[in-house]
Amino acid sequence: MSNTKPQFSLKDLAGNSHEYPRDRASLVCFVKEDCETCNTAAPVLEALHKAFGSKVDVLLIAQSGDANATFAERYSLTMPLLDDSACKAAFEWDIESVPSVFWIDAAGAVQSHFEGFIRADWEALAAQMSAQTGLPAVQTDWESLPAWRPGCGSKHLDPSVYDKLRAEADDSPIRARKIEVAPSDDVAEFMFDQGFSDGLPLVPPTPERVMRMLSGTHRDPQEVIASVPPNMGIATVEKIAINAVMAGCKPEYLPVVIAAVEAVCTDEFNIHGVTATTMGAAPVMIINGPIRHKIGMNMKLGALGAGNRANATIGRALRLVVRNVGGASTGGVERSTLGNPMKFTMCFAEWEERSPWAPLHVERGFDVEDSVVTVFAMTGGPVHIVDQTSRAPDQIAGSLGLGLEGVFLPKLRNLPVDALLVVCPEHIDTLTREGDYSKDRLRDRIQEVTTRPLTEMLADDKSGAGISPAAAEAMGPEAMARSVPKFAGKDFIHVVVAGSDAGKFSSAFHGWATGAVGSQSVSKKIDLG
Amino acid sequence: MTIILDPTDERVPVERQVTKRSGSLSGVVGFLDISKPRGNVMLDELERLLAQKAPDVAIRRYTKPTFAKPCPDALRHEIRDACNYVVEALAD
Numbered sequence: 261m262s263n264t265k266p267q268f269s270l271k272d273l274a275g276n277s278h279e280y281p282r283d284r285a286s287l288v289c290f291v292k293e294d295c296e297t298c299n300t301a302a303p304v305l306e307a308l309h310k311a312f313g314s315k316v317d318v319l320l321i322a323q324s325g326d327a328n329a330t331f332a333e334r335y336s337l338t339m340p341l342l343d344d345s346a347c348k349a350a351f352e353w354d355i356e357s358v359p360s361v362f363w364i365d366a367a368g369a370v371q372s373h374f375e376g377f378i379r380a381d382w383e384a385l386a387a388q389m390s391a392q393t394g395l396p397a398v399q400t401d402w403e404s405l406p407a408w409r410p411g412c413g414s415k416h417l418d419p420s421v422y423d424k425l426r427a428e429a430d431d432s433p434i435r436a437r438k439i440e441v442a443p444s445d446d447v448a449e450f451m452f453d454q455g456f457s458d459g460l461p462l463v464p465p466t467p468e469r470v471m472r473m474l475s476g477t478h479r480d481p482q483e484v485i486a487s488v489p490p491n492m493g494i495a496t497v498e499k500i501a502i503n504a505v506m507a508g509c510k511p512e513y514l515p516v517v518i519a520a521v522e523a524v525c526t527d528e529f530n531i532h533g534v535t536a537t538t539m540g541a542a543p544v545m546i547i548n549g550p551i552r553h554k555i556g557m558n559m560k561l562g563a564l565g566a567g568n569r570a571n572a573t574i575g576r577a578l579r580l581v582v583r584n585v586g587g588a589s590t591g592g593v594e595r596s597t598l599g600n601p602m603k604f605t606m607c608f609a610e611w612e613e614r615s616p617w618a619p620l621h622v623e624r625g626f627d628v629e630d631s632v633v634t635v636f637a638m639t640g641g642p643v644h645i646v647d648q649t650s651r652a653p654d655q656i657a658g659s660l661g662l663g664l665e666g667v668f669l670p671k672l673r674n675l676p677v678d679a680l681l682v683v684c685p686e687h688i689d690t691l692t693r694e695g696d697y698s699k700d701r702l703r704d705r706i707q708e709v710t711t712r713p714l715t716e717m718l719a720d721d722k723s724g725a726g727i728s729p730a731a732a733e734a735m736g737p738e739a740m741a742r743s744v745p746k747f748a749g750k751d752f753i754h755v756v757v758a759g760s761d762a763g764k765f766s767s768a769f770h771g772w773a774t775g776a777v778g779s780q781s782v783s784k785k786i787d788l789g
Numbered sequence: 509m510t511i512i513l514d515p516t517d518e519r520v521p522v523e524r525q526v527t528k529r530s531g532s533l534s535g536v537v538g539f540l541d542i543s544k545p546r547g548n549v550m551l552d553e554l555e556r557l558l559a560q561k562a563p564d565v566a567i568r569r570y571t572k573p574t575f576a577k578p579c580p581d582a583l584r585h586e587i588r589d590a591c592n593y594v595v596e597a598l599a600d
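Taken in sequence, the protein lines are chains A and B.
Going from the first sequence to our numbering is simple: count from 1 and add 260.
Going from the second sequence to our numbering is simple: count from 1 and add 508.
The hints are simulated quantities; they were obtained by calculation from the structure and are not laboratory data.
Here the structure is a predicted model, which is why all the values come from computation and not from measurement.
C-beta: ideal position from N, C-alpha, C; glycine also.
Accuracy of the hints is not assured; some may be wrong.
[What the hints assert, rightly or not] Going by beta-carbon spacing under 8 Å, a handful of chain B positions derived as facing chain A:
1. Pro515
2. Thr516
3. Val549
4. Pro580
[Unchecked claim] Subject to a maximum C-alpha distance of 27 Å in a straight line, what follows is the list of computed DSS-like cross-link-like pairs (lysine-lysine):
5. Lys785/A to Lys577/B
6. Lys577/B to Lys750/A
7. Lys671/A to Lys528/B
8. Lys722/A to Lys544/B
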């Protein structure tokens, strides 16, 4: 404990200001009206004030708002009872419980300090005050008082109060511009009007909420995570935390959101193009590793849908960062012809334990115990693949392949475009009923069942998409007789496992332009400190 | 009074003014093809028309590596250093 205490200026019940320090000795005691121990101490404090008030400022600092007056009346207190309902003084004096007593000399040095009611402490204090002031001892029946009674927690340590005080303190980590919303304005409407929203209501990012959000990461609030296109806005941990609050995240989700921002703001992922394209692409986030369980992500029933806070708000927070920090507003740089609902949020976890294969993050070079976010740029999906009757492994693998025919347009093949296949547990069971069925075998099967002659890709009266007659002529009949699969390479096919144990319904996300000219999937390890 | 924290990059948008028109056309015009299909068709036609109507104008052609990503800094700087004007063919 510091030997001197911070200054304050607080008002008594009559509205008069009292300053600390003054050039006289002080007895300062923090109290709460509804604290039993403070009620025990009140008559003693009044006795001390009567005995030594001529030479000592006895000040009670009360945390109970309107009930402060009740407390004063109950014990006919005559010393100044100062209002600290906002708890700023309690925060700055760094007390833990009430009553909290400070005996301070005229120079401002703390001579003694204790909390709660230990009768011996209070007797010693009375004796000390008498000795130092040269005034007669206090007249109190010490024996009638309890020997020991613990205090109550100071109100400022209530989490909602404490975070607000920390946010406002001189050494607060908050650097973002503070926006005052007038009492006559509705905060939710104000945020819509400012363009902060994706179209759904937002949680107001008050300083105390942002402070709580920042407690979810060990990283410095001012650490720069990324420059976010299109405006190349600087995403600090604090800015990401503000958007995470608005999205509805819990603090423990913040490390996932930070890793996702890192991942999409790479040149490989190219969030600028993903945002701007008229084709309507959006990031799809897959979470792997122990964090899935720690933050309660959904990887089972309804994993790709609504109803789980972590899945819904982590995906939304990423979109809000791109919108607010990057400046990608709809109709501005965000220019999709139709858009797609994944632009609100699309985040789920892989059910690694139900998968016969190495989890996605392990496949991509991470340790099984790492927690990892992987982002894909997708333009469509989830598109369900329904097969309730196949019983042989190659049959179900064939259906999964045929279910991917729709990527871009069924007629188009040999596409250098990613697809993300989410295989449901019942389809996994069929795949593996005769033993191992590797991911690579599944990819081969998908390519096999989707292989068709190039002649089927000819632009014709039915559809002008595909190979133009001029191009076909240039290629020659021999080349056109060649058969090609749906995907230009099997590496474009990504496979994960999710969904409930019941139901033979897998699903697929269709990609955007893949590769160096478009977007490549990126995985980032989540920094959990 | 509720206080909220600014979720944006706190950039104040810059109001840009349109440069005053001189009434004549001369100097170097950069033609930037962003690599979308048929962007070159539009620029070829524009080049033909400019050659007819403003023979003093020099034209330089540039191409972005991919339409899906922002123009690389080096190419932007090259255009800035070499050209008085730039026409970008967005295609589509």
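Outcome of the hint check:
1. Annotation: interface hint on Pro515/B holds; nearest CB of chain A at approximately 4 Å, less than 8 Å.
2. At about 5 Å, the closest approach between the beta carbon of Thr516/B and any beta carbon in chain A falls short of 8 Å, and the interface hint on this residue holds.
3. With a least beta-carbon distance of about 15 Å to chain A, the hint placing Val549/B at the interface is violated under the 8 Å criterion.
4. The beta carbon of Pro580/B comes no nearer than 10 Å to any beta carbon in chain A, farther than 8 Å, and the hint placing it at the interface is violated.
5. Among the hinted pairs, Lys785/A with Lys577/B is consistent with the structure: their alpha-carbon atoms are about 25 Å apart, no more than 27 Å.
6. Distance hint between Lys577/B and Lys750/A is fulfilled; the C-alpha atoms sit about 25 Å from each other, no more than 27 Å.
7. With a C-alpha separation of about 51 Å, the suggested pairing of Lys671/A with Lys528/B is violated against the 27 Å cut-off.
8. A distance of roughly 25 Å separates the Cα atoms of Lys722/A and Lys544/B; the hinted pair therefore holds under the 27 Å criterion.
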